[in-house]
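Chains as they are written, first to last, in my numbering: chain A, 1 to 376; chain B, 1 to 376; chain C, 1 to 341; chain D, 1 to 341.
Just so you know, these hints were derived from the structure itself, not from any lab. Note that CB positions come from ideal geometry on N, CA and C, so glycine has one too. Accuracy of the hints is not assured; some may be wrong.
To be verified - Using 27 Å as the maximum straight-line C-alpha spacing, the simulated DSSO-like pairs for lysine-lysine come out as follows:
1) D:321 to A:73
2) C:16 to B:73
3) A:166 to C:60
4) D:16 to D:60
5) C:60 to C:16
6) D:60 to B:166
As the list claims (entries may be wrong) - Derived DEER-like restraints, expressed as beta-carbon distance ranges:
7) D:299 to B:375: 33 to 43 Å
8) C:298 to A:370: 22 to 32 Å
9) B:349 to C:200: 50 to 60 Å
10) A:323 to C:122: 53 to 63 Å
11) C:299 to A:345: 28 to 38 Å
12) A:296 to C:122: 41 to 51 Å
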Amino acid sequence: MTVQELPGASYQPTPPPAWRPRTDAAPLLPDAEPHRVLGTPAADRVDPELMLRCYRELVRGRRYNAQATALTKQGRLAVYPSTVGQEACEIAAALVLQEQDWLFPSYRDTLAAVARGLDPVQALTLLRGDWHTGYDPHEHRIAPLCTPLATQLPHAVGLAHAARLKGDDVVALALVGDGGTSEGDFHEALNFAAVWRAPVVFLVQNNGFAISVPLAKQTAAPSLAHKAVGYGMPGRLVDGNDIAAVHEVLSEAMERARTGGGPTLIEAVTYRMEAHTNADDATRYRGDAEVEAWRDHDPILLLERELTARGLLDDKTVEAAKEEAETMAAALRERMNADPVLDPMDLFTHVYAEQTDQLRAQAAQLRAELDAEAAS
Amino acid sequence: MTVQELPGASYQPTPPPAWRPRTDAAPLLPDAEPHRVLGTPAADRVDPELMLRCYRELVRGRRYNAQATALTKQGRLAVYPSTVGQEACEIAAALVLQEQDWLFPSYRDTLAAVARGLDPVQALTLLRGDWHTGYDPHEHRIAPLCTPLATQLPHAVGLAHAARLKGDDVVALALVGDGGTSEGDFHEALNFAAVWRAPVVFLVQNNGFAISVPLAKQTAAPSLAHKAVGYGMPGRLVDGNDIAAVHEVLSEAMERARTGGGPTLIEAVTYRMEAHTNADDATRYRGDAEVEAWRDHDPILLLERELTARGLLDDKTVEAAKEEAETMAAALRERMNADPVLDPMDLFTHVYAEQTDQLRAQAAQLRAELDAEAAS
Amino acid sequence: MTTAARDRAAAPAGRKPATMAQALTRAMRDAMAEDPTVHVMGEDVGTLGGVFRITDGLAKEFGEDRVTDTPLAEAGILGAAVGMAMYGLRPVVEMQFDAFAYPAFEQLLSHVAKMRNRTRGAMPLPITIRVPYGGGIGGVEHHCDSSEAYYVATPGLHVVTPATVEDAYGLLRASIASDDPVVFLEPKRLYWSKSDWSPEAPAAVEPIGRAAVRRTGASATLITYGPSLPVCLEAAEAAKEEGWDLEVVDLRSLVPFDEETVVASVRRTGRAVVVHEASGFGGPGGEIVARVTERCFHHLEAPVLRVTGFDIPYPPPMLEKHHLPGVDRILDTVARLQWEN
Amino acid sequence: MTTAARDRAAAPAGRKPATMAQALTRAMRDAMAEDPTVHVMGEDVGTLGGVFRITDGLAKEFGEDRVTDTPLAEAGILGAAVGMAMYGLRPVVEMQFDAFAYPAFEQLLSHVAKMRNRTRGAMPLPITIRVPYGGGIGGVEHHCDSSEAYYVATPGLHVVTPATVEDAYGLLRASIASDDPVVFLEPKRLYWSKSDWSPEAPAAVEPIGRAAVRRTGASATLITYGPSLPVCLEAAEAAKEEGWDLEVVDLRSLVPFDEETVVASVRRTGRAVVVHEASGFGGPGGEIVARVTERCFHHLEAPVLRVTGFDIPYPPPMLEKHHLPGVDRILDTVARLQWEN
Ligand SMILES: Cc1ncc(C[n+]2csc(CCOP(=O)(O)OP(=O)(O)O)c2C)c(N)n1
Ligand SMILES: Cc1ncc(C[n+]2csc(CCOP(=O)(O)OP(=O)(O)O)c2C)c(N)n1
Ligand SMILES: [Mg+2]
Ligand SMILES: [Mg+2]
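Build out the structure end to end from the sequences listed, making use of the hints.
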């Protein structure tokens, strides 16, 4: 029975004029379960060289985390948010970037910055406390480590948009935590990115917690990747501890962005094995059992199993990776043990391009105080 | 070939321990096209009394819009954002509320407030300019008309949450525009609502424009209703000019909220037939053809067709509705033609529960100035 | 003499009067024509030309890629502008009204104001944020805030506000040219003020940071800016009847604050009143009083007083006249400057 | 005498010292026990007890419905609190750090501060917004802002800040009891300051709005609040050596501002210095100087001076000591109060 035949309905109803069904090619719903590569048929397709590189980087990354945490105990760092357990995401994020691409790290992502090539001492400057951003962002195209959560995401969109307007082949990769997805800036950034079809990729490291708050109190969505739907961009769900999977999903998204396909939202399911920072007491909000369950899903372990099964991991390789990591750690330790050289007058140098009269007067005041102190 | 049989993959890969597929009963994707009732078999199920009530309200609402716009020309209102073309949404929003429920209108929704029972003069106070909110929100449970876009949404969530904690049977219905969905507050409100399973319903009136900006520059999503997916709440797409459809979809959502089913996001596809406000010049950003196309989809027309086809609309009913509307308009016109009584000292009365010393001194100053003026 | 009268007097004969709105539009146009990195963005700035039509014609001339109607989200707009500036562009952002800049405050306070400092100068952000501000236009709530106190209290921002048509052009050009972020406060109710300023021969663009003595006088100094300048000039005219010869200083920028010009004036006159629309408590006036008093203490015949908006939320249109500093209130306050002593 | 010493002296014998953190926790606990409409909400305030542990134990005692770990979104938190207050609850909101309150500024400025006014008193919002503020704890950027200027410039808000353990209890109780929104600024670096204040016999809860003379003196008045009180008391001790007998006034609330107490002190001493950590330019100090000068003009031997943070973004941990007002800088400034005249 058609509408017209209905008793009482003697006219043809029409849909609202302005409404058009969208027929975007992009898949509407993200993967039903986290995409995995290691230990699946897909692993077969991964370049062994890449896997071995990942392995070395993971080992180095783990060692970097350990060293940084040790530095907090020695008072050399004010605070350190560890990425132990999340190294696959951090490393993959760095590896998928081309030279000209930009990385937008959150405050936790010093490892990604280091893996991209940033001097670890410069990466840790913020946390040591001698300055804020310890590096020139343009040098490695790494935006300042961003503490106000999710506020770096619109920056990534704006930068990617500007590059596209200029015709440059640049993709921005922005990192954010599961907690950060609740902020308004997350929403606004993803919406701008989709409307502008900006070449930007958003990687959410869902490590289970925002400090003490578990994901269940953060969202009721089927997954964080599902948020992509509301912006009209592809959403992907990936096993964040499977570095081959993260690398693959990220690479696809970077490629899509690079070729005009617009932004992608990726949720990487991972776990923060250590406390929020060295100052945090994780026993207040989670049990050992949960942490233990993740040990068997450690990113290094997953890759080791794959490499071993394929006969790619011999003792020499393992040793070499360890040694490389130890060398990095030793150098870092040594350099961080030197007191940074401080100039209090820096306080006034970069507030404005040109100092205001008021700042000049204040600088003179501090100068005089310091001189008096030195003289006494 | 199973994973185990793969060359090189000799272990069983497991999904990340913390990851659980969600199996919520709520539908994941909203309707493929806007839900309609009038002129479809579904119209058969609608109570004729309700339809007739809707008809009278729509006619009154249209007349209210005309009267308010006329008042701007006479200088009796500073500004008026018209809802001509959107009356079905405004009226349905008022009709689905129970006595104890709360309405959270945006700045445009004076008609919804009036349809809920608010004195139109009080509803228009803000736009006349003698005070901000012209009514006690508690009297009809209507939050202040909200100008900063989307900021009323977290209020609705908080109120609904508080009512639920208290065990009260209260649902909050919050109205917002298509443009408002881009604001961070929209995101944060919907997320809080879903996480708290708050009894709140969000009705987005997608009227095609945010002032001059068309929907295509606002979002790349398949529909605004799709945004529900990212919060884990049901999303519904409805023909916003089909009052029976809006009423049905809203009623279902209100019932779900009332019975513990949590929030719903509804996108009503409609059209702003007039300019953004009387101060706006819509010819700058849209052509007549577009507006004309919508005339045949007018909410009153759609309902008239249905009622006529069913033999429910006789001349007497039409006349009575018109008369009722004229009576309302005449009374409104007359009352708005009287100058509001102003007391400048009100400026200081409600800043704090108790005036501070500073405010007392400032009030005394103004008092003295006014007295001097009156004396001279 | 009103501002417009002054401006007319100053302009060469034969020019057609232009409004402040037109001068602002022209400033953006010229900046965009000269510098391809200048981009204009905000709500309704493209097709519509802005709700105040300040960006009128720019989208047509420069295209949508350079004059962009953004989605409706102020933090997103400013945040995206930050990213664009990181890549070498000079975004000019329009906030539609004063109170609608508030959603962008986190981006403004934590990034825009601080990025140069955070990166030791490696990443300056040459962003101009245009904010129509203040009352006197019969606007409803949230459309008339004088929000300058928030900007002034944020190191790293320049805070500029024109009071004349010429300055609207010159200061906006200078702001866009600045390598630092500038909050450019546009006094809404002066948008339609006129002068014989001509877009054909725009004033020279001087660096921001210098106040202007708009009227010389010997009895006392009125220190003001933006929407209150015409009121102060009118008050100065009216004061002549009372035998007071008032000097009027237009600050033009609140940050940098031109202490020298202000102090020189007050030392000369020995008396001063600060006038602004923003609420008094915690407003910029307190800062000005404190600085001027410190530097002029022994020259002062009376404490420096203030005429400001009351310490209340901005009133509804029908009551705003009682809130705004007017000529009478300014004269009443001048009268309190201890003339007998 | 340091604050702690004073507090010890004032307290009856036999009490165990308590920290400001404990006093704050106890204030919330007692308020919640007395009034079922009091709800605590924010990031990590439940299970964890807050990153500073100020809400420690509350979730356990009162349940998650009354002590709620919210999603991570400050505008959402404050906006939801507005709705809860509309329905009759008294939300106590924790902002995790000063700079992380900025995303909530639109809700704060456009709704929280104005709702009572907008509705002619029909819809007051008894919300307490707890903001740990200020520096001196070696925190990295965005964790040490002194953001009081923004709050002080917003009519409709009360702005309260304790400097002693007793006041932490008394003022927080009074803030929660207030029918108006209160921004309750908690000086981070005093969280672990101690006194013999006892949770067993908490101080009487007096209404907010009265300053306290923490030390009487005859030579000059130090006007201060929050984190700078202990510094001022220390400076006053040290000043004795220079022959200055300094009075120290603790404002306790910036809004309402207790002008009478401050003016009475300055009229007596004839000299004053305002001390706060916030940047000087546009900070609360300017307001205080302006008001005090207006009321005390003929009693003043010298202009009222200020010792404040510099006009710069908050410095990195290793440099913050140069930024923060210290004893020496206060004494240097006291020395500039024209003692020769
Ligand atoms: C706007 C803002 N609010 C609050 C904080 C304080 N804070 C720092 S980290 C953190 C939790 C972040 O969780 P998530 O986004 O999941 O990232 P993760 O720490 O797990 O990497 C919070 C609340 C902040 N940095 N910024
Ligand atoms: C936070 C904020 N930004 C900007 C504005 C200015 N403004 C008023 S209405 C409007 C467009 C709103 O569009 P939409 O949400 O679609 O609602 P509609 O006007 O169509 O009902 C804008 C930008 C505002 N009121 N609030
Ligand atoms: Mg996390
Ligand atoms: Mg709209």
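Hint-by-hint comparison with the structure:
Between residue 321 of chain D and residue 73 of chain A the alpha-carbon distance is near 22 Å, which keeps this suggested pair within the 27 Å criterion. With a CA separation close to 31 Å, the supplied pair residue 16 of chain C and residue 73 of chain B exceeds the 27 Å bound. Straight-line distance between C-alpha atoms of residue 166 of chain A and residue 60 of chain C comes to about 20 Å, which keeps the hinted pair within the 27 Å bound. Using a Cα cut-off of 27 Å, the hinted pair residue 16 of chain D and residue 60 of chain D holds, with the two alpha carbons roughly 24 Å apart.
Between residue 60 of chain C and residue 16 of chain C the CA atoms are separated by roughly 24 Å; this keeps the pair inside 27 Å, and the hint holds. Under the criterion of a C-alpha separation no larger than 27 Å, the hint pairing residue 60 of chain D with residue 166 of chain B is consistent with the structure, at around 20 Å. Roughly 35 Å separates the CB atoms of residue 299 of chain D and residue 375 of chain B, a value that falls within the hinted 33 to 43 Å. Hint check: residue 298 of chain C to residue 370 of chain A, Cβ distance near 31 Å, so the stated range 22 to 32 Å holds.
As the Cβ distance of residue 349 of chain B to residue 200 of chain C is approximately 53 Å, the hint placing it in 50 to 60 Å holds. In this structure the supplied range 53 to 63 Å is violated for residue 323 of chain A paired with residue 122 of chain C, their Cβ-Cβ distance being about 34 Å. Taking the beta carbon of each, residue 299 of chain C and residue 345 of chain A are about 33 Å apart, inside 28 to 38 Å as hinted. In this structure the supplied range 41 to 51 Å holds for residue 296 of chain A paired with residue 122 of chain C, their Cβ-Cβ distance being about 44 Å.
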